[in-house]
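These protein sequence lines are chains A and B, in that order. Numbered according to our numbering, the first sequence spans residues 249 to 736. Numbered according to our numbering, the second sequence spans residues -17 to 380.
Everything labelled a hint here was simulated from the structure, so no lab data went into it. Hints are supplied without guarantee of correctness; some may be wrong.
[Claimed, not checked] Label-pair distances were calculated between CB atoms; the ranges are:
(1) A:Glu335 to B:Glu380: 50 to 60 angstroms
(2) A:Asn416 to B:Glu221: 25 to 35 angstroms
(3) B:Arg244 to A:Asp285: 18 to 28 angstroms
(4) A:Ile286 to B:Arg244: 39 to 49 angstroms
(5) B:Pro193 to A:Asn305: 19 to 29 angstroms
(6) B:Gln188 to A:Asp285: 17 to 27 angstroms
(7) A:Leu420 to B:Glu221: 43 to 53 angstroms
(8) B:Glu221 to A:Ala259: 51 to 61 angstroms
(9) B:Ser103 to A:Ser375: 18 to 28 angstroms
(10) B:Asp208 to A:Ile286: 12 to 22 angstroms
(11) A:Thr300 to B:Arg244: 24 to 34 angstroms
[Unchecked claim] Below, simulated DMTMM-like cross-link-like pairs (lysine to aspartate or glutamate); rule was C-alpha separation at most 20 angstroms, straight line:
(12) A:Lys327 to B:Asp63
(13) B:Lys195 to A:Asp291
(14) B:Lys192 to A:Glu488
(15) A:Lys295 to B:Asp284
(16) B:Lys307 to B:Glu341
(17) A:Lys643 to A:Glu684
(18) A:Lys295 to B:Asp63
(19) B:Lys(-6) to A:Glu323
(20) A:Lys295 to B:Asp208
(21) B:Lys192 to A:Asp291
(22) A:Lys725 to A:Asp654
(23) B:Lys335 to B:Glu286
(24) B:Lys285 to A:Glu309
(25) A:Lys299 to B:Asp63
(26) B:Lys35 to B:Glu133
(27) B:Lys99 to B:Asp208
(28) B:Lys329 to A:Asp312
(29) B:Lys285 to A:Asp312
(30) B:Lys195 to A:Asp285
(31) B:Lys285 to A:Asp285
(32) A:Lys451 to B:Glu226
(33) A:Lys306 to B:Glu221
(34) B:Lys304 to B:Glu341
(35) B:Lys234 to A:Glu684
(36) B:Lys192 to A:Asp301
We treat Cβ as the ideally placed atom computed from N, Cα and C, and that holds for glycine.
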Amino acid sequence: MYYMVVFASVAGVLFMLYHLELTRRIKSERSNKKLQDIVDQLDDQAKIIIKTDLALNKVQEDLDRKIAGLCTLHELSRKLSSTFNIENIFGMINQPFVLKLGFSKLLITLKDDSTGLMAIKSSAGYSDAEIKTIEAEFNKINFASFLFKKEKPMLVNRLMESIDRRWNLLDLLKIESFLTAPIVAREEPIGLIIAGNTSMYGKIGENDTELISILTGLIGTAIESAKLYTELFGSHRELERRVAERTKELEKLNEELKNMNKMKSDFISSVSHELRTPLTSIKGYASILMTGKLGDVLPAQKERLEKIDKHSNSLVHLINNLLDIARIESGKIQMEMKDVSIKEMIDSTVDIITPQVKEKNISLKINSKTKFDKIKADHGQIERILLNLLSNAVKFTPEKGTVSVDVEEKDDVIQFSIEDTGIGIPPQDIPKVFQEFFRADNALDQKIKGSGLGLSLVKKIVEAHKGKIWFNSELGKGSRFTFTLPKY
Amino acid sequence: MATLIGTGISTKLDSFAAGKEAALSAYYQIEKNYPDILIIFISTIYNQHEAIKGVRSIIRDTPIIGCSSIGSISSYGSHQDSVAVFIISSDSISFFCGIGDKISANSRLAGSKAAIKAFGSIKKNIPKQAYMMFSDSASGNSADILRGAQEILGTCFPIIGGGASNKSYSAKTYQYADNEVYTDSVTGAIISGTMVLGVGQSSSWQPIGKPHKITKAKFNVIKEIDKRPAVKMYEEYFERSFEELKNDGIFKLGINYPLGVRQIDKNREYLTRVPLTLEYNGSLVLNADIREEEDISLMISDKELILESAKNAAEKALKYIKNTKIKFATMFSDISRLLLLRNDAYKEVDIVKETIGREIPILGCYTLGEYGLLNAAAESAGQYCFNNHSVSITLFSE
Chain A
249 MYYMVVFASV
259 AGVLFMLYHL
269 ELTRRIKSER
279 SNKKLQDIVD
289 QLDDQAKIII
299 KTDLALNKVQ
309 EDLDRKIAGL
319 CTLHELSRKL
329 SSTFNIENIF
339 GMINQPFVLK
349 LGFSKLLITL
359 KDDSTGLMAI
369 KSSAGYSDAE
379 IKTIEAEFNK
389 INFASFLFKK
399 EKPMLVNRLM
409 ESIDRRWNLL
419 DLLKIESFLT
429 APIVAREEPI
439 GLIIAGNTSM
449 YGKIGENDTE
459 LISILTGLIG
469 TAIESAKLYT
479 ELFGSHRELE
489 RRVAERTKEL
499 EKLNEELKNM
509 NKMKSDFISS
519 VSHELRTPLT
529 SIKGYASILM
539 TGKLGDVLPA
549 QKERLEKIDK
559 HSNSLVHLIN
569 NLLDIARIES
579 GKIQMEMKDV
589 SIKEMIDSTV
599 DIITPQVKEK
609 NISLKINSKT
619 KFDKIKADHG
629 QIERILLNLL
639 SNAVKFTPEK
649 GTVSVDVEEK
659 DDVIQFSIED
669 TGIGIPPQDI
679 PKVFQEFFRA
689 DNALDQKIKG
699 SGLGLSLVKK
709 IVEAHKGKIW
719 FNSELGKGSR
729 FTFTLPKY
Chain B
-17 MATLIGTGIS
-7 TKLDSFAAGK
3 EAALSAYYQI
13 EKNYPDILII
23 FISTIYNQHE
33 AIKGVRSIIR
43 DTPIIGCSSI
53 GSISSYGSHQ
63 DSVAVFIISS
73 DSISFFCGIG
83 DKISANSRLA
93 GSKAAIKAFG
103 SIKKNIPKQA
113 YMMFSDSASG
123 NSADILRGAQ
133 EILGTCFPII
143 GGGASNKSYS
153 AKTYQYADNE
163 VYTDSVTGAI
173 ISGTMVLGVG
183 QSSSWQPIGK
193 PHKITKAKFN
203 VIKEIDKRPA
213 VKMYEEYFER
223 SFEELKNDGI
233 FKLGINYPLG
243 VRQIDKNREY
253 LTRVPLTLEY
263 NGSLVLNADI
273 REEEDISLMI
283 SDKELILESA
293 KNAAEKALKY
303 IKNTKIKFAT
313 MFSDISRLLL
323 LRNDAYKEVD
333 IVKETIGREI
343 PILGCYTLGE
353 YGLLNAAAES
363 AGQYCFNNHS
373 VSITLFSE
């Protein structure tokens, strides 16, 4: 009985222990399961975090790739703007550039204008032998004509079976995917670009089309600019050649003209000399006849002799003017530069012209506004200028008109102006006024006698003094002749 | 003269011209003194041979060491798509270079060959201070390369540097030794002289999601995780099919989201591994080896953590430098950090400059994996290891 009690007690304790252990195990398993569930939940959350992180990284990677590509293109654009040589342009599209742009392989082909065949101008990631094969195959399949119809870059990969199967381009180019676009210059497709990646590098996607568009645009513009520059440079060279040729011709003609002018001056000079000698004799003999020493001279004869004398004087004056022009032109006359008084010169000229002024009842005004009375000039020649211009003014001014002489200082020059209220010069004659033997085509001018050498001589004397001469004239209202002489 | 550092960075888009410009710029900075070594980092956008020729057009016979990189690190900041030339001219520091090839065939042997060559050319009685090496990260097992070098130099001998990188990440990388451009190789230089070294390394990637167990692995290949093909882990977390992972390249995902192997010190530093490729049976091939039965997690980071870890690494390195004047610093930062920091990459360099002193010249690049001293406080204290996603800073002081 005792043993039975002991056995029952032990069994009871064991059962209780078993029960307790079972309860603990169940609890522990539950707890472990709960813990495992938490771990699994955390693991699932980790997967979500990883997925988000991956997506963010991808976006960042795409953005970085694009920024890096755009920076590289910007750098290329900067370099392209400094060259107009097509070979240099292709030299810049080298392996470092292509890899930096984010591609591992690139080809640029251009259509040869003469043969119409495509020629590879620049490449990266291909050997010379591969380039030859690709070039030959491209011309065989005429891929360019197909592409030239496209306006935008085209993405080719294994999924685009129609294109790939048609030409087997991916195998030919040894790439997994590529972008291709035509290069357009002057609105005409002239070549194409192929940019692709092998499997080791990142996949090419639609995101890259923008880069290729910009690249083709840059290359197209650079080629266009280079061609334009070459043409422009050629035209410029041709123009320069022509200008040089023409300048040479003109120089030759100028030389001939100078020689002819000299010949003319020499001719005039010698003819004038030859004329003056017999004229002096004619004048002398006419004077002797007029004195009556050789017999009585009838009034009619005297009248004729006086005419001979008068016309001989005119002829001598004309010849003297011609001789002076010729001498000035040939540099045979040197201006005798001395300090001369402006006032004295004007007074002396006015004295000479006064009888004519009075005869025509012309009002002559002298306005001198100079503080400076002395200039360096050839006294006789300046008087000649003043006399010529004043006598012209008086000659062509109708009775009761006005002639004025203005003298004023302008910077480094003294400016003389002789103004009249005369008949004026017709506009068509204005350019010819200083030409030798020119006489204006109007009625009054024809009546007034003159050789047409006066103004030409005046101009030459002014220029010999390093001065300038010009005039303003209005038909029927009058003229204003102005000349300047240096102060010193 | 002591020690002069010349830094030349060029971003010219012509390989030869960029090499020449960078070399010229660096040469002017050492005031035309005799250069003892050229440390060169060239982006893979450049023709490597042409860029080296450009450098050689300025400086002829000086030994060259370096590798391809997606970007350079210098006192001027971070420069992607650049040619960086660093010249060291010193009357107290000497460099002895070596090269080991065919790391894909035998990584350990290649690592040991390079170290033997470098060690063999060293003059006796000159104290050896550090070994700087750059290896092809796209092939072989980087941890094995390190072990090969350590067989010659010892596990506690300071080994710094990292894996060469390519702009396309998984494409081949280049290593430079003298005038040659190698691939599938490791190049190294023993730095000797009287100096004090301060080394600091820190990673900032932290686990996300639940831990998993490596149930089957051999060397650098994980065959199974949680008794399922290893790739399943990436398939589930990223909701990508096997084909997508194969085509897109698991490498691109793995750079940002690596596998964290274990916590190796109290500062939440994890040893990370990047899956380079995916095998048809679903195995992940990593860039360094991994052990079976390890607990692993998927890892993630952000900009703040990266900047914080750069400061940590600089501070760790500074602890070794007591009352000595720092002459220059090397900084190797993982490409994953650049990919995450993006336009803020300069901040990482800036924070290091702020910590070690703005006037200290910095030379370095972005690497795919770094050699350094990550676990100073762990059970393997003092042992140099290969890690990913870290920044490794070494201070050289006299």
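Hints violated by the structure (listed by number, smallest first) | 4, 7, 9, 14, 18, 25, 26, 27, 31 and 35
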